[in-house]
Amino acid sequence: MKNLLTSLLAVLALAIAPAHAQELFPSIPKALGEPHPEGNEYWRINHPALLAHDRDLVVLEGIRDVDASLVGCVVCHAVNGPDQGPVPMPVDAGSPDNSCQVCHQFVAIEIGCFVCHASVPSKEDVAMILPQYSADDEGWRDYMEDLAALQEAPQ
Amino acid sequence: MTSPLHKEKGAELSRRDILKSGAALATVTLAPGVTLMAFGGKKAAAGEDMPADGLKPGARWGLLIDAAKCPEDCSACVSACSAELGWENNGLETDPQWIRKVTLRDKETGRTNSLPVMCQHCESPPCVDVCPTGASFKREDGIVLVNRHTCIGCRYCMMACPFKARSFVFAPVSDQKSIAPRGIGTVEGCTLCVHKIDRGDGTTACVEACTATGNNAMMFGDLNDPESEIAIAVATYASVELRADLGLNLGVRYQNI
Ligand code: SF4
Ligand code: SF4
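Protein chains in written order, with the numbering used here: chain A, 1 to 155; chain B, 1 to 257.
Okay, chain A solo, but in the shape it has when bound (with noise of 0.2 Å):
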């Protein structure tokens, strides 16, 4: 736990520091919709009980309108992957480009969530966190493209 906290702290403080220290720091892969208006540092900390939290909100008591849910991580901070054949796809927590590995390999800790849960949305998942986009193929290509366009704008 404490091994925890310290590396997380290490985070932070990088993310505050000058520019000069940029190759220090994990390039963090911009997300789509809504920023969070608790702030990223807020969620970059607390994120890991803020999950713990809801999901048993979920599981336990059937609430299913929770602010902390994996799949609203996986819509907004999916990383568009190399193309795989005509459809393409963001990568999944397999790939050391997804949002999720990209900070938890540079503090080496674990995820266990993608051992269950999906690490690629589905076309349901996006249309129901961002519903500017449509639950089909038109949807999900909309989507792609703005995630491309995302990650090709400067940091």
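Fair warning: there could be bad hints in the mix.
Per the computed footprint, the stretches of chain A lying under chain B, defined by three or more beta-carbons under 8 Å from a beta-carbon of chain B, are [what the hints assert, rightly or not]: (1) 60-69; (2) 109-117; (3) 120-133.
In silico PhoX-like links for lysine-lysine, alpha-carbon gap of 20 Å or less [what the hints assert, rightly or not]: (4) B/Lys196 to A/Lys123; (5) B/Lys196 to B/Lys177; (6) B/Lys56 to B/Lys196; (7) B/Lys138 to B/Lys196; (8) B/Lys177 to A/Lys123.
These are calculated hints, taken from the structure and not from any lab test. Yeah, the Cβ is synthetic: ideal placement off N, Cα and C, and Gly gets one too.
Could you slot chain B with the ligands onto chain A? The hints should help.
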């Protein structure tokens, strides 16, 4: 997409706006760690205008299955379950079986009977009794589930279940459905389509598929609501529980077996 989840997402944005405007500042200025209660349970945070969320108080969800209407060569319910929840059965002994077709034969008369069997959502579930971690649990509305976050894969529940209703995930899984996460090292079984119940569909994938075939052998509903079709049916016609001798008071009842 017209699910209530979608609507609720809109409510989430409006709550975020509240947070942004500073109206709920008290909740966000608490010390880190104490802020947790501000998250989730947006029902409380967003006020009266939220749609109902969470389980229906006082409900007892159940199924009524008429074996006389279930032909032996039909397995629409099994295929529908597999497609909806994202499990596959390739005929290996280790494959998952959330629902299976079973043929019963009366040894004396030779009469046979075909029926789907899944988790019976016992009122007194042996799987919950034996679970060492509390991962096997019963929701307030009678649905018995495995909380995979705390399941250690000991498989005690599989041994305790009189209906062999649970299976163990032996191999790594990919391409899971987001409504039904599943992975190696955990136990699983019929969830009574809890994701559909929570979003107010009022049915399960197996019942929908059975109705679509025209056989109409399966009925879903709230056994505790005297007005519901299922409660009226069980009050009117004879139905039995499997292994009634165990006194577990099952949520699934059968006719004509
Ligand atoms: S049928 Fe088996 S798995 Fe389902 S509640 Fe009863 S004991 Fe548990
Ligand atoms: S396998 Fe999981 S759910 Fe079943 S008894 Fe063990 S810990 Fe509980």
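Hints and how they fare:
no.: 1; hint: 60-69; verdict: holds (count 9)
no.: 2; hint: 109-117; verdict: holds (count 3)
no.: 3; hint: 120-133; verdict: holds (count 8)
no.: 4; hint: B/Lys196 to A/Lys123; verdict: holds (18 Å)
no.: 5; hint: B/Lys196 to B/Lys177; verdict: holds (13 Å)
no.: 6; hint: B/Lys56 to B/Lys196; verdict: holds (13 Å)
no.: 7; hint: B/Lys138 to B/Lys196; verdict: holds (17 Å)
no.: 8; hint: B/Lys177 to A/Lys123; verdict: holds (11 Å)
When each numbered hint is compared with the structure, no violation occurs for any of them.
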